[in-house]
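**Student:** Each chain, written out:
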Amino acid sequence: MSPINTYNWKMKTSVMIKIMSMVSIALCLLCSTVHSQNTDNDSDLNTYEFLKYAASGDLNSVQNSLASGVDINARDRVFLATALHNASSQGHVHVVDWLISHGANIEQQDYQGATALIWSAYNGKFRPLISLLKAGANPNHIPQQGPTALIAATQSGDIKAVNALLEYEADVSVTSTDGVTPIDAATLRNDQSILSVLNNIGDKK
Amino acid sequence: MRGFIGQIYFTIGLLISVMNPSVSFSGNTVLDYTAISVKTEKWSLPDFREDQWLKASVRAQDIVSGWDEHAVTIPWTNLTLEYFVKHKMQPSRGARALALIHVAMYDALNHSESKKYDSYLTVSVAAAKVLSYLFPAEEHTFMRIVHKVIELKKSSENFSYEMNSAFNLGQMIGNRVIEYAENDGAQKGWNGKRLQWYGEGRYYGPGAWEPTPPYYYYPPDEPFAPDWKPWVLKTADQFRPEPPPVYGTKEFMAALDEVVDVDKNLTNEQKEVAKFWVDGHGTVTPAGHWNQIAIKLVSKLELSDHQIAQIFMQLNIAMADTFIAAWDSKYHYWYIRPVTAAKKIKGLDFKPYILTPPFPSYVSGHAAISGAASTVLAHHFKSEADAIKAMGDEAAHSRLLGGIHFKFDNDQGLKLGRDIAQLVIDKYSLEIRYAK
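If you read the sequences in order, they're chains A and B.
Using our numbering, you'd call the opening residue of the first sequence number 1 and step up by one each time.
Using our numbering, you'd call the opening residue of the second sequence number 206 and step up by one each time.
There's no promise every hint is true.
Restricting the straight-line Cα-Cα distance to at most 30 Å, the calculated cross-link-like pairs of lysine-lysine (DSBU-like) are [stated by the list, open to error]:
1. 501/B / 620/B
2. 612/B / 439/B
3. 359/B / 476/B
4. 501/B / 293/B
5. 548/B / 291/B
6. 556/B / 160/A
7. 480/B / 594/B
8. 160/A / 632/B
9. 260/B / 359/B
10. 160/A / 260/B
11. 160/A / 455/B
12. 260/B / 501/B
Just a sample of chain A residues kept apart from chain B, beta carbon distances all over 12 Å, derived [said to hold, decoys possible]:
13. 69
14. 72
15. 79
16. 90
17. 200
Derived from the structure by calculation, the hints contain no laboratory data.
What you are looking at is a predicted structure, and each value in this text was computed from that prediction instead of being measured.
Where a beta carbon is used, it is the ideal one built from N, C-alpha and C, also for glycine.
With these hints in hand, go ahead and build the complete structure from the sequences.
**Tutor:** Structure, rendered in structure tokens:
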């Protein structure tokens, strides 16, 4: 083999090795991207299921989801709702209590800034509302959009919830960002019993 | 690249035609027929009772006599709508069904014309195949009708064509459309008996949809429709409307007041409009209603079978895709119905003039479908474009009159349908590209 041929052969080998290394790196990068996409999808799916279990009151499945690594405060992508929002809105007090006792954030907000307390008031779910208030949920939180807890309870016509919120120091003068007060909401509904309760508190103030 | 793919298609087509000279594929079609396995199957006839054949004869006679004044596809469209009513086709499934039928008939017509087969037979067999798929309990009914149609055609004078080939071609096109339908995602969630949906992705916060009175149907209709495969849209959310007004805001309250006020002051004429467009369960459905309008329109002009088939293909594909997009919006926003909001905010036991259907409000499906249909038809019937668009507007407005939608549901629905219809017109008026 002539020196020129040997040189060419070494050159070829070196170029081949370089190409193979680049291909290997590219493959590794591709694999890691695919893997990370799969992991994201898996994680989304697990969160999706977890939130569904909370909404349907399936505590065992909620517990299993958390055991498999889902974050207790995981939120859905569209509405940013947590398991606590879902369980509170559907009246599953056993799930609400369990989530609270295991560190769920009671002040977590959805895409409109509404908390689980507002969701329970809006849906007229009294027992989760009490659990949340007992756990220290803020009854005067004003979301960026939509009703406060007292307005939501008024709109669901739930006088028990209105009384409970007032007991936990909900303020009748707190307005929503649209400038609506609980008394406005009760007047619009012509709900005389709630109106009377709210007016009494207002007069005392 | 396109040329290379074209060559491959051409070669495959050539091979198929060489392997089976009675059936080859050419011409413009919505679906791609080059890759399907070409096998001819005999449509064997089980023994039917005399009265069953008699009924089929009457039906076949209707179809064949319908061809005296209508295009080849029209009598089959009428028959389809009749079975919609008979089997209480869900309005939400009607648009999909009509798209499948009309794609089958359009493709059958194109293939048979290019092969110089009898298009009446090919179209009839393809339509009957797809109808059998859509109404499995009636499979034999459609089979009998087609055989009676063949008998009637045979007995007519000047009957000279390759009947077997035309028959086989119709069967294969029907099978291909069924294969497409089997893979379009519309089976998702069904376990054979009931829908397996447990509230995945549902929103429960302020302003969320809830089951509505008086029947409180649950689960909502077609929650998986946003995952169905569209014909021309890239994705269901391609034209997803902007978010609706936030629950409880001044804009929302004004829209709610409007629904309640309109309902309170409904005139008899407005009630008639609301009823005319109601198109609920047990009717020809909104998509079927627009097919009936289209039948009247095409009968006014001298159009070829091909032109009529193309109009109906575009019309029904536009409505099917619009349905998917409208349901994407519904299950993305989970928006409250007026009847629920009126109760919550105003304490009103509001009774809408027509029944609130069991799915979220934003956007109105009927408005969206009417926007799509009126745009396609106005494009083809330019001298009547204004009147057709006005019909689309009226159909959308009828949902406000009926008390089941806010005005913004209707406005955004119309816009969504019109955008999608324009996409369909642009695609199928220039050249046919295969649907996936």
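**Student:** All the hints need checking, so say for each whether the structure fits it.
**Tutor:** Going down the list of hints, with the structure as the test:
1. Taken as a hint, the residue 501/B and residue 620/B pair is honoured in the structure, with Cα atoms around 25 Å apart against an allowance of 30 Å.
2. A C-alpha spacing of about 28 Å is found between residue 612/B and residue 439/B, which places the hinted pair at or below 30 Å, so the restraint holds.
3. Restraint check: the Cα-Cα separation between residue 359/B and residue 476/B comes to about 50 Å, which exceeds 30 Å; the hinted pair is violated.
4. A hinted pair counts as satisfied when its Cα atoms are at most 30 Å apart, and residue 501/B with residue 293/B qualifies at roughly 23 Å.
5. Between residue 548/B and residue 291/B the alpha-carbon distance is near 36 Å, which puts this suggested pair outside the 30 Å criterion.
6. At roughly 27 Å between alpha-carbon atoms, residue 556/B and residue 160/A fall within 30 Å of each other, so this suggested pair holds.
7. Proposed proximity of residue 480/B and residue 594/B is supported: the alpha carbons are some 19 Å apart, at most 30 Å.
8. At roughly 59 Å between alpha-carbon atoms, residue 160/A and residue 632/B are farther apart than 30 Å, so this suggested pair is violated.
9. Straight-line distance between C-alpha atoms of residue 260/B and residue 359/B comes to about 19 Å, which keeps the hinted pair within the 30 Å bound.
10. Using a Cα cut-off of 30 Å, the hinted pair residue 160/A and residue 260/B is violated, with the two alpha carbons roughly 65 Å apart.
11. The suggested pairing of residue 160/A with residue 455/B holds, with an alpha-carbon distance near 28 Å, which does not exceed 30 Å.
12. Between residue 260/B and residue 501/B the alpha-carbon distance is near 27 Å, which keeps this suggested pair within the 30 Å criterion.
13. Distance check for residue 69/A against chain B: the nearest CB is about 20 Å away, which clears 12 Å, and the non-interface claim stands.
14. Every Cβ of chain B is farther than 12 Å from the Cβ of residue 72/A; the closest lies at roughly 18 Å, confirming the non-interface assignment.
15. Interface exclusion of residue 79/A from chain B breaks down, the closest Cβ pair being 5 Å apart, not more than 12 Å.
16. For residue 90/A, the shortest C-beta to C-beta distance to chain B comes to about 7 Å, within the 12 Å cut-off, and the non-interface label is violated.
17. No beta-carbon of chain B is positioned within 12 Å of the beta-carbon of residue 200/A; the least distance is around 20 Å.
Hints 3, 5, 8, 10, 15 and 16, counting from the list given before, are not met by this structure.
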